[in-house]
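Colleague: Below are the chains, spelled out letter by letter.
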Amino acid sequence: MKTLAELATSQQLTYQGNGEVALTAVATLEHAKGNEISFLANPSYTKFLAGTKAGAVILTAKMAADYEGNALISDNPYVTFAYVAQLFVKQQRPVAKIHPTAVIEAGVEVGENVSIGAFSVLHQSVCVGAGTTIESHVSIADDVVIGEACVIKSGVKIEPGCVIGDRVILHPGAVIGADGFGLARDKSGWVKIPQTGAVVIGNDCEVGANTTIDCGAIEHTVLGQDVRLDNQIQIGHNVIIGDHTVIAGCTAVAGSTEIGRNCLIGGGVGIVGHIKICDGVTIQAMALVTNSIKEPGSYSSVSPLQPTKQWRKNAVRARQLDQIARKVNQLEKKLND
Amino acid sequence: MKTLAELATSQQLTYQGNGEVALTAVATLEHAKGNEISFLANPSYTKFLAGTKAGAVILTAKMAADYEGNALISDNPYVTFAYVAQLFVKQQRPVAKIHPTAVIEAGVEVGENVSIGAFSVLHQSVCVGAGTTIESHVSIADDVVIGEACVIKSGVKIEPGCVIGDRVILHPGAVIGADGFGLARDKSGWVKIPQTGAVVIGNDCEVGANTTIDCGAIEHTVLGQDVRLDNQIQIGHNVIIGDHTVIAGCTAVAGSTEIGRNCLIGGGVGIVGHIKICDGVTIQAMALVTNSIKEPGSYSSVSPLQPTKQWRKNAVRARQLDQIARKVNQLEKKLND
Amino acid sequence: MKTLAELATSQQLTYQGNGEVALTAVATLEHAKGNEISFLANPSYTKFLAGTKAGAVILTAKMAADYEGNALISDNPYVTFAYVAQLFVKQQRPVAKIHPTAVIEAGVEVGENVSIGAFSVLHQSVCVGAGTTIESHVSIADDVVIGEACVIKSGVKIEPGCVIGDRVILHPGAVIGADGFGLARDKSGWVKIPQTGAVVIGNDCEVGANTTIDCGAIEHTVLGQDVRLDNQIQIGHNVIIGDHTVIAGCTAVAGSTEIGRNCLIGGGVGIVGHIKICDGVTIQAMALVTNSIKEPGSYSSVSPLQPTKQWRKNAVRARQLDQIARKVNQLEKKLND
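Protein chains in written order, with my numbering: chain A, 1 to 337; chain B, 1 to 337; chain C, 1 to 337.
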């Protein structure tokens, strides 16, 4: 429990209204009760502000001026909400212990206050930093190094030699360091190219559930600091992703591509291999990036949604687009003559 | 074994031909033997009807009129095939037992006739309804409630507090309730928003292999009744999916979007966040839905497939489409003047 | 360690320069040291050749003519690199042993020199060929047959009755033989169609991390010989894939589709069900294939990437494309009259 005044102090912010209101959790504007604090960041939820029963609302000064109730005043209500929510979430970290069924092979080094769940396997010479939690059914191969205060969720697999920074979260089912997709075509069939690099993940990164990051072919696949990957993403071998870049679910990045810092890559995006995307690029959902991008900004490529009946007619024309354009140019010429 | 006449009785249907033919399994028209029953639902397989060796075929009355052989007559041969196939599949359910390696923590409640496979972990206060099968390597976190007669396949992970209805099937590798992708951008980097909601799955739902359904940020992510999700799907936090909606593989639904009842969402579709799709909407494969849909019907968005050489020419023009359209309007004006 | 001359002999190739240079590993042109061998296959890396410190470089005769340093001469440097890299990778195969925690049920047959990792489960009557490695947390259901010299990585799940050839690699988290997505719509809801076929995988195939291959509905889902699937791919029930076909990550193939031999399917591609793609087809990344393809060659369908501002204007016109085309035809007619 925190009072509104205490919250304001802890966040170095001001408030309006009753500073003594007791708050115990965060909630949405629509469903908050009197002991809960809510927030308004997405304008499409403004309609719920007037009727909210929240004990307090996190608002900008401008929004607060039009609101009669208790408010915590922030330049960035969404960030403030994130910090306040973190305050209220009770620490769910289990008491640090190594489950008796866990298999710890020779040469493993484990820091203080590390938890290892049931049926997890740490192969030879794995090193785990202090305060890290490894849940159940985790497989960590030889020579992997994991930093401090990480959370390795259930069923994660980490292949040999990968290096994970501090405060990294690997969500359930993520696979770090599986073989890159490297094949050379000989006359009789495909020849597998050994994938001997690893994956190196910087501090404060997050890797979503069932996301896969392949190891490098020779050198490493690298995530910088504070890179955030959603679920079901595929990162190919030798990809390099810059600090603070965020990638939404189901996106695929092919091998040896380099993505800059502070990029926002939408969901279901495809990025081909061996290209370079500069810092500060936004790619809209489901776009396909086939060439390097040298200018920051927002990029899109998808055809717009249409009723299927209308789409069928337009799709026929899309196949004739070059002919149509040529005809227009001819008509123009004819008309000008 | 069932005779054709017995099958007709059990399905409350009529038949033509020899009611005494003994049938022991279902099979395709092309490969069926004399003791097998087949069906014709997809017109592209009509060519196999005349030559089939099936002991009987499930047909509409109209199709049966043109067929000399034994037939089970149904208004909906595909549905009848489904029920008949269920009859013939021998119950593969293992004898209910809890494997000695399973870890059952404090406060777990398990109904009658529950199976738990090797190396599965049920954390504190999990509740499992009667007749449910949990296979091997399953991880079920604190306070999860699972209904009756469910099948939780190998390697499924269910995060804290999720609620699963009755007769639900979770296929191998599915992840239920991993953290939603919630981040707020502060000056120094991304701040994680605690994801404290759960996933609530109604009765008779099916979740495909390696599909991920994120927990809600504050409130829950919800699947109604009889929702069927194929493999490799990503469902974001706070998504709500209505009863009987079916989603094909590799589709991604971003956070806080609401999908109505009886929708058919194709494979590889992307649906952005914070929108609403009404009941009875069909989305064709790989379409991107960027706005709410308020009218039932079928929607598409993908560019049509073309030989790459032709595609290259048309793609150049696609980038100039607005210019072309403007030029056409100018020509029209010029010509009318 | 091998000298350049020894390598040339082992690969039945010639070399130029100092045959006595000792080589211990492969490396990239950019980072190779004097005891490492590199290669040049992708022209975009030519810029690194002049400055490389590699002890030797694998080059075509033509490229070698312009290069002063040591070179291994090959008609196909990439294939030669693959074989040389295989030579240098030290065999990481663990000493064959069955971990004491592994669960081996009744009727399991295991060949010579088989490894089984911690917490893996081989259900009844599984058969594993000589020299196969099964890592940790693997679940293999009843009656599965696995050939010789396979590698089944951590967390793989194989469902009942599947058949895996020799020298097959299944990467972490792959799911082989989960239920196909078969549903028939009855008045009250969806009726599940039992999926009683299996998955049959030929020799020398590779299945990527978290890729899913569904079992057939009645007959089998089949991969031929030397089929290579990247990560996060979804293969529907009863799909048939021909020899030497390669599919990149995140592609989805819907049920009952047949893909020929020697096809190259890009990443993020969608292929609808019940169609046939002939031998020798290349599908570019993220294309959607909605009809059978009867001619070998390269096919594409995606809209080209554009700055979002420009894209918005063009997207409006894409919805009007049929109208634009009609107007152009009218103008042409008017002008010709």
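Because the hints were derived from the structure by calculation, they are not lab data. Beta carbons are placed, not taken as given, at the ideal position from N, Cα and C, and that holds for glycine. There's no promise every hint is true.
Capping the alpha-carbon separation at 25 Å, the derived lysine-lysine pairs in BS3-like fashion look like this [unchecked claim]:
1) LYS276/C to LYS309/B
2) LYS313/A to LYS334/C
3) LYS313/C to LYS294/C
Reference excerpt, derived from the structure (chain A facing chain C, CB under 10 Å, subset only) [to be verified]:
4) THR251
5) GLY270
6) THR290
7) ALA315
Colleague: Provide an ascending list of the numbers of those earlier hints which the structure does not satisfy.
Modeller: 3
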